[in-house]
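Each residue of the sequence shown is one higher than the one before, counting from 3 in the numbering used here.
Treat the hints loosely; a few may be bogus.
Pairwise CB distance ranges (calculated) [unchecked claim]: (1) Ser48 - Tyr336: 46 to 56 Å; (2) Gly248 - Lys311: 17 to 27 Å; (3) Ala4 - Lys78: 12 to 22 Å; (4) Asp95 - Lys13: 24 to 34 Å; (5) Lys78 - Asp123: 23 to 33 Å; (6) Lys474 - Glu546: 18 to 28 Å.
Hints are computed from structural coordinates only; laboratory data are not their basis.
If you're wondering where the values come from, they're calculated on a predicted model, not measured in any experiment.
Built from N, CA and C at the ideal position, the CB exists for glycine as well.
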Amino acid sequence: MAVLLVGINAKYIHSNLAIRYLAKAEKRFRFCEYSISDREESIAASLYQSGCRTFLFSCYIWNINHVLKICEILKKADAGLRLLVGGPEVSFDPVESLESYPYLDGVITGEGEVSITPLADAIENGDFSQVPGLYYRTGESVIKSKIEAGEANLSCLPFPYADEDMEALRHRIVYFETSRGCPYRCAFCLSGSAGSLRFLPLEKVERAVRFFARHEVPLVKLVDRTFNADPNRALLIIEMIKKMGGNTTYHFEIRAESMTEALIESLQTAPKGMFQLEIGVQSVNPATLQKVNRVPSHEKLCRVVQALKKNDNIHLHLDLIAGLPGESFKAFVYSFHELMKLKPHNLQLGFLKKLKGSALAAEGSAFASFAPYEVIHSDAMSYAELLRLKAAEDMLERFYNSGAFLTSVPYMLDTYYKEKEFYFFDELAQYFSNNQGTLSQKSLFEGLHHFAQQKFADSIMDERLIYDYALKHRDSLSFMPRIEGLKELAFAFLKEESLVRRYFEQYAGIKPVLLYKKLHFVPVGKHIYAIDYEGEGHAYDITEACKTLKEHMVN
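With the hints as extra help, turn the sequences into a complete structure.
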């Protein structure tokens, strides 16, 4: 029996947890992965040439269009292929999916681990009526199996990774879960209505943490909808990860209202870089939050965020959703400014989607009928206003969330846009719209320089832009100053063994000509920095040393 589980990820660096669980649960199946950047025709050709006769696709809003096109190609190429789909994008309207897309042979609803072995048996014996949650085609009819979809027992699930899998995942994000379901019922989300809240046994969590540490996995993203749904259990896992040590970063989503003092204190004492936390704030408007079944607690949010930022050891993401019921453009901008006061490392601006299976009513709003079902206008925000927010969101990603403008953008916001930060990104969007061109990182630095000089003529801003750019790039910006004799000064510095040992002890003994190729000497205002690009890169202020060298060179 040749059956292939197919995952199509949003990006190459992502990986599909669902198909790994299924392949481990049912040894008669194997899996393959692609991304939506791969052409549908190429994926279809690869699958067709695999020799498999049955395919089961994992379907989400980001890949459903890809999946449907691939299935159409495969069915027209060979009508005898069996094409099955599962996942949240098809689980809530299985009959409609089969009626709308005649090239699909079946839809598996619910959690796949419950259905995967009965499905393998059915493929062998031809009786699909015993596969939980399966809707399948028989002639012109759509048949529902005799057994309802079920929930998986997490304690019985196999670990989705093996030692031999990790080389292929070396440059990808590894996903894992310590719980399924959610105790909350946010109207725009599927998690609260997709099953009861269940937890993976702690001994299995500990084995996973040990496995990730042993393989030095750079980033593990937990897909738990609310990691701290049980704060005491979350505390045990945090302490478990801290005790294990290693260089793995764990990213998970928390609910600020459920954070306890003990959990906050444990996170505050974690090594820097061990944890990335994401908080889905969505809005600070109480009336809007109540309309989507959320209990507002902005005061608690602020206390939690400030406490988590206290020791500068946690990377913090805050999320907003534009287009929520009853939230006007002005009210959304207010939410934006309230979160910017907290200075998160990332502020993610998303747009409301009316997902299949969600409880979202949103009367007076309009949504696209195709994936990702994004809001076109809400009852309080026009299409034009949402487009304006999209343009600002693009600037937010490039200039704030990217981390590339490490000192320049914070300076700009604090100096000229304090408590009106949205309008910085809004004005940038208008500026770049009027000055069309490539949006390479260098062009973004050049563009921000021209934008800032036109508005404020601030030399400090230029210095910060030069510093930020030099941290990652050896080439020059058009407004970088040229210092006569900088190369000679750099070599004089590198020839002084005492100076090299003071600033770059790890490079002591390396010949100056080789060390010059490793370091980058950059004038920034009245300062000179030597930038070491090894690892994450670091800038050393060698201004005073250079002043002394200059005096000796003159004498």
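Here's how the hints hold up against the structure:
| no. | hint | result |
| --- | --- | --- |
| 1 | Ser48 - Tyr336: 46 to 56 Å | holds, 49 Å |
| 2 | Gly248 - Lys311: 17 to 27 Å | holds, 24 Å |
| 3 | Ala4 - Lys78: 12 to 22 Å | holds, 20 Å |
| 4 | Asp95 - Lys13: 24 to 34 Å | holds, 27 Å |
| 5 | Lys78 - Asp123: 23 to 33 Å | holds, 29 Å |
| 6 | Lys474 - Glu546: 18 to 28 Å | holds, 25 Å |
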